[in-house]
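Given the sequences, and given the hints that come with them, work out the whole structure.
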Amino acid sequence: MFETLIQKLQEDRFLTLETTPQHEPSMHNIIERIKKFKLQDRVDGFSCTDNPLAKLKYNALFASLKLQMEFKKPVIATMSMRDRNKIALQSDLMGANDFDVRAILALTGDPAKMSDQPHSKGVFESNSLMLLKIIKSFNYGMDYSGHPFKIEPKQIFPFAVVNSYAKNFSSLERKMHQKIQNGALGIISQPVFDIENAKKLLESFNIAKDGVEGDKKKAQLIFGLFPVTKLRTALFLSAQVPGIHVPQFWIDALESAHSISEEEEYKVGMKLSSDLFKEINKLHPKIHLMTANRFDVANEIIS
1 MFETLIQKLQ
11 EDRFLTLETT
21 PQHEPSMHNI
31 IERIKKFKLQ
41 DRVDGFSCTD
51 NPLAKLKYNA
61 LFASLKLQME
71 FKKPVIATMS
81 MRDRNKIALQ
91 SDLMGANDFD
101 VRAILALTGD
111 PAKMSDQPHS
121 KGVFESNSLM
131 LLKIIKSFNY
141 GMDYSGHPFK
151 IEPKQIFPFA
161 VVNSYAKNFS
171 SLERKMHQKI
181 QNGALGIISQ
191 PVFDIENAKK
201 LLESFNIAKD
211 GVEGDKKKAQ
221 LIFGLFPVTK
231 LRTALFLSAQ
241 VPGIHVPQFW
251 IDALESAHSI
261 SEEEEYKVGM
271 KLSSDLFKEI
281 NKLHPKIHLM
291 TANRFDVANE
301 IIS
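Residue numbers (the UniProt record's numbering): 1 to 303.
There may be inaccurate statements among the hints.
Here are the computed lysine-lysine pairs in the DSSO-like style, where the Cα-Cα straight-line distance is at most 27 Å [to be verified]:
hint, residue 1, residue 2
1, K218, K72
2, K136, K167
3, K86, K72
4, K113, K86
5, K154, K218
6, K57, K72
7, K133, K217
8, K199, K218
9, K150, K86
10, K38, K66
11, K278, K38
What the hints contain is simulated information worked out from the structure, not anything from laboratory work.
Below you can see the structure in the form of structure tokens.
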């Protein structure tokens, strides 16, 4: 299952769909909405987020297990450095490994001060590079302190993230290089909204692979795509989310449509998003679709 996913990432078209477990002790609603649009038949795999914005949600590892059992498709489980020290990270990896949850997205995580749980404290023993190094140790049959396992873990497939935009792309190149060197098979970008931005990011990714040897050269950039169907969403992303660039022509088009009607705003946003999806598939068909559980939108984009 995971070997097929990685082969598609390295040699073919690749499409994964993000899911966000909810503030409820069940994945039933998400599973049923995915089934409604038969999305499991049109993507190569899923991902599960890990308490984004430090808001309490259903555990990402258990959510990934539920999706894999239901759909027989690989799931990339997010693990955040915010909530675990190196003991907890390794303990979770061992348990997940036994249940075949073995694609892991290493994330530093949003600040704990954003949480809906009062007085929460972030762990942040290190950044996501530590988790990539832990996974590398596991894949060599030992824990992070160098103690060998009596039973070797099954192979773990690490992923990482990167901002999609920066005033100085050399900073992104340096971070991507470190993550590739530490074993990331795929690096998922923050959402891109402009094909020129995508081209620049892909160019930077290829620069980041300079000096990389062996199988690490097979690492791939995966473009994050977040369909925007409301002006207020575009304005928020543009003004408030670092590492994302929403071009002015998107905002202008949505602003004009907003003045006409909500239906027109949705129509224009979907066209912009669908056109970008098609352009990226021509440029570099490795896409991670993020829709905040709006599976109707995902259905429309990939139809």
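task: Could you tell me which of the numbered hints above are not met by this structure, giving the numbers in increasing order?
output: 2 and 3
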